[in-house]
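Participant: Sequence:
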Amino acid sequence: MVDAKLRAARADLAERDGVLVAFSGGVDSSVVAALAHDALGEDAVACTAKSETLPAAELEDATRVADEIGIRH
Numbered sequence: 872m873v874d875a876k877l878r879a880a881r882a883d884l885a886e887r888d889g890v891l892v893a894f895s896g897g898v899d900s901s902v903v904a905a906l907a908h909d910a911l912g913e914d915a916v917a918c919t920a921k922s923e924t925l926p927a928a929e930l931e932d933a934t935r936v937a938d939e940i941g942i943r944h
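Residue 890 in the numbering used here is what sits at position 19 of the sequence shown, and the numbering runs on without skipping anything.
If you are wondering where the hints come from, they were derived from the structure by calculation, not from laboratory data. Glycine residues also receive a C-beta, built at the ideal position from the N, C-alpha and C atoms. Some hints could be false.
[To be verified] Label pairs and their in silico Cβ distance ranges:
| id | residue 1 | residue 2 | range |
| --- | --- | --- | --- |
| 1 | Val873 | Ala927 | 10 to 20 Å |
| 2 | Val873 | Glu923 | 36 to 46 Å |
| 3 | Ala875 | Glu929 | 15 to 25 Å |
| 4 | Arg935 | Asp914 | 29 to 39 Å |
| 5 | Glu923 | Arg881 | 30 to 40 Å |
| 6 | Thr924 | Asp874 | 22 to 32 Å |
| 7 | Ala875 | Glu923 | 16 to 26 Å |
| 8 | Thr924 | Asp899 | 16 to 26 Å |
| 9 | Glu931 | Leu891 | 30 to 40 Å |
| 10 | Glu931 | Ala879 | 25 to 35 Å |
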């Protein structure tokens with residue numbers, strides 16, 4: 872069942888011209904970012920909102936995770 876849902880998500884993403892993933896670097900957004908990158912390659916971009924309330928360490932973690940996935944960030 873999980874494999875079928877992953878295939879369906881990849882197929883849905885692959886039909887798009889590109890996607891912007893709201894990305895915290897946590898598990899949920901990382902899974903979406905990885906699926907998007909698998910489906911679209913360079914046409915998938917992860918975006919983390921930088922603000923005064925976002926600790927620098929969390930932004931660094933998000934950047935590291937995006938690098939591990941291979942998605943532009």
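Participant: Work down the list of hints and note, for each, if the structure agrees.
Facilitator: Tested hints:
1. Val873 with Ala927: 10 to 20 Å: Once the Cβ atoms are compared, 35 Å apart, the range 10 to 20 Å for Ala927 and Val873 is violated.
2. Val873 with Glu923: 36 to 46 Å: holds, 39 Å
3. Ala875 with Glu929: 15 to 25 Å: About 33 Å separates the Cβ atoms of Ala875 and Glu929, which means 15 to 25 Å is violated.
4. Arg935 with Asp914: 29 to 39 Å: The hinted range 29 to 39 Å is violated for Arg935 and Asp914, with Cβ atoms some 22 Å apart.
5. Glu923 with Arg881: 30 to 40 Å: Holds, since Glu923 and Arg881 (Cβ atoms, about 36 Å apart) stay within the stated range.
6. Thr924 with Asp874: 22 to 32 Å: Violated, at about 38 Å.
7. Ala875 with Glu923: 16 to 26 Å: Once the Cβ atoms are compared, 43 Å apart, the range 16 to 26 Å for Glu923 and Ala875 is violated.
8. Thr924 with Asp899: 16 to 26 Å: Holds, at about 20 Å.
9. Glu931 with Leu891: 30 to 40 Å: For Leu891 against Glu931, whose Cβ atoms are near 21 Å apart, the range 30 to 40 Å is violated.
10. Glu931 with Ala879: 25 to 35 Å: Given about 33 Å between the Cβ atoms, the range holds.
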